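Colleague: Hey, can you work out the whole structure from these sequences and the hints?
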Amino acid sequence: MRLEGKVALVTGAARGIGRAIALTLAKEGADVIVSDVNFPGAQQVAQELEAMGRRALAVRADVSILSDVQSMFQKVVEEFGRLDILVNNAGIIRRGSLEDHPDADWELVLAVNLKGTYYCSREAARIMKRQGYGRIVNISSVAGKVGDLASAPSYGASKGAVNTLTKSLARELAPYGITVNAVAPHAIETEMSAEWSEEKRRLILAQIPVGRLGRPEEVAAAVAFLVSDEAGFITGEILDLNGGYLMD
Amino acid sequence: MGRLSGKTVVLIGGGGALGAAFCRHLVREGAFVYVADVALPRAEESARRAEGAGQAHPVEVNALEKGSLERLLRQAMEERGAVDGLVNAAGTHMKKPSVEVTEEEWNRVLGINLTAVFLACQVFGRAMIAQRRGAIVNIASMAAHVGLHETVAYCASKGGVLMLTKALAREWAPYGVRVNAISPGFFLTALNRDVLQPGSERRRRVEERTPMGRLGEPDELGPGLVYLLSDEASFVTGSTLVIDGGFLAAGI
Numbered sequence: 000m001r002l003e004g005k006v007a008l009v010t011g012a013a014r015g016i017g018r019a020i021a022l023t024l025a026k027e028g029a030d031v032i033v034s035d036v037n038f039p040g041a042q043q044v045a046q047e048l049e050a051m052g053r054r055a056l057a058v059r060a061d062v063s064i065l066s067d068v069q070s071m072f073q074k075v076v077e078e079f080g081r082l083d084i085l086v087n088n089a090g091i092i093r094r095g096s097l098e099d100h101p102d103a104d105w106e107l108v109l110a111v112n113l114k115g116t117y118y119c120s121r122e123a124a125r126i127m128k129r130q131g132y133g134r135i136v137n138i139s140s141v142a143g144k145v146g147d148l149a150s151a152p153s154y155g156a157s158k159g160a161v162n163t164l165t166k167s168l169a170r171e172l173a174p175y176g177i178t179v180n181a182v183a184p185h186a187i188e189t190e191m192s193a194e195w196s197e198e199k200r201r202l203i204l205a206q207i208p209v210g211r212l213g214r215p216e217e218v219a220a221a222v223a224f225l226v227s228d229e230a231g232f233i234t235g236e237i238l239d240l241n242g243g244y245l246m247d
Numbered sequence: 000m001g002r003l004s005g006k007t008v009v010l011i012g013g014g015g016a017l018g019a020a021f022c023r024h025l026v027r028e029g030a031f032v033y034v035a036d037v038a039l040p041r042a043e044e045s046a047r048r049a050e051g052a053g054q055a056h057p058v059e060v061n062a063l064e065k066g067s068l069e070r071l072l073r074q075a076m077e078e079r080g081a082v083d084g085l086v087n088a089a090g091t092h093m094k095k096p097s098v099e100v101t102e103e104e105w106n107r108v109l110g111i112n113l114t115a116v117f118l119a120c121q122v123f124g125r126a127m128i129a130q131r132r133g134a135i136v137n138i139a140s141m142a143a144h145v146g147l148h149e150t151v152a153y154c155a156s157k158g159g160v161l162m163l164t165k166a167l168a169r170e171w172a173p174y175g176v177r178v179n180a181i182s183p184g185f186f187l188t189a190l191n192r193d194v195l196q197p198g199s200e201r202r203r204r205v206e207e208r209t210p211m212g213r214l215g216e217p218d219e220l221g222p223g224l225v226y227l228l229s230d231e232a233s234f235v236t237g238s239t240l241v242i243d244g245g246f247l248a249a250g251i
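Protein chains in written order, with numbering that gives the first Met the number 0: chain A, 0 to 247; chain B, 0 to 251.
Calculated from the structure, these hints are not laboratory results. Small disclaimer: the values here were computed from a predicted structure and weren't measured. Just so you know, not all the hints are guaranteed correct.
[Claimed, not checked] Only pairs whose alpha carbons sit at most 30 Å apart, straight line, appear in this in silico DSS-like list of lysine-lysine:
#, chain 1, residue 1, chain 2, residue 2
1, B, K94, B, K65
2, B, K65, B, K165
3, A, K74, A, K114
4, A, K199, B, K165
5, A, K128, A, K114
6, B, K94, A, K144
Modeller: Dropping the structure here:
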């Protein structure tokens, strides 16, 4: 186990990739704070983690709302006294093209995906700087690197910004023993991909050299590596996890 | 259970400073490692210093000769029945003003750093394609991403390694063969020990330019290699894992 004794917070952890990350970190020995806007979902995941013998805490938080984020981190400090790992996984997606993308959707996507990552990183950094140790991993997307028609422009813009934020924070926080990295997955099998039409699925698969979708556990394994002590010299890195779809 | 239990890995350039660290990590994670180097005593030394669930077997290989690589493949197939992993960690370096680089020098650097990597990928990749499984990791460099001072042949060769990695990843993905690269930042090796001596101007500049403010330790590369070779990285191909203390991410 690579994460024994560590305390991790995973946002958007009630389902999909976030849930897989929470489970994998717990399997590696970490206690996990399971954060989501979907509180019953977060509670369910927390129960799964407790059944594995870990300490777990479900927290309802909308990462785009500062007061939610602040009270969440306050709770983390009260309950666990420290925070070693933050995984900024909470994210939303909206479909649509430039002209049929309501302003409210643009605001919402940027608020959750970008501002939420920023807020959580800032609160986490306060704790991690005191400790002189921390690991932050942002879940980005291949859409942050290439023009993507599967999502509205807001999604790609938010993820591109997350990539740059990753590098800025890596630069700023390196002297404090805090690494900041990102994983950029593509076409992972989740509740989101289950909604794809047969046609869309076929088109997406045709562009992936390994010829299949990725699994949430594969994203989680990359996160587990990046947050481990072993990865201490890796910072500012955006790890592509896309079956060969994009090799930039 | 190690992350590489039951896997057979060919480690080319296993006698260098980074190669020795790679060997330790691979063996610790349970792999059977053919530690290949052009200098057998160096391969033996790396193998001797590796401890763990796996095994290290030193072999002499000239990666510039296809026949030498093919002999190692035959030996591995006879003894182990498969080759699951290939690591290309051999390399050479040359620092001098570009206008003074001779054609022979250019060819030497490109030969060892790029052509030999291609040959090894070809020889062992063919067997992996037949097995329908395999993972290759090529060791690139910061010089594959940014221009370093007076090292034109080295930079060109490492840029070539990254692109070779992507081209093979694309071509061999349908056969279950993954091809990735690691780009190390600045680590002390036999190749750069002279230019990166403590207190030297270049050392000071590298440390200043690296957000973590220090060089890397060879042991900090091993876990990344283990990850990319392991089944955990099963959806990762054509990727470059940068391990550089933030060097490439940093502006001023």
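Colleague: Check whether the Cα positions of K128 of chain A and K114 of chain A lie no farther apart than 30 Å.
Modeller: holds (21 Å)
Colleague: Compare the distance between the alpha carbons of K199 of chain A and K165 of chain B with 30 Å, and conclude whether the hinted pair is satisfied.
Modeller: Since the Cα atoms of K199 of chain A and K165 of chain B sit roughly 26 Å apart, the hinted pair holds (cutoff 30 Å).
Colleague: Taking only the CA atoms, is the gap from K94 of chain B to K65 of chain B under or equal to 30 Å?
Modeller: holds (28 Å)
Colleague: Compare the distance between the alpha carbons of K74 of chain A and K114 of chain A with 30 Å, and conclude whether the hinted pair is satisfied.
Modeller: holds (20 Å)
Colleague: Going straight from one Cα to the other, do K94 of chain B and K144 of chain A come out at no more than 30 Å?
Modeller: violated (34 Å)
Colleague: Given the hinted pair K65 of chain B and K165 of chain B, is their Cα-Cα distance within 30 Å?
Modeller: holds (22 Å)
When each numbered hint is compared with the structure, a violation occurs for hint 6 only.
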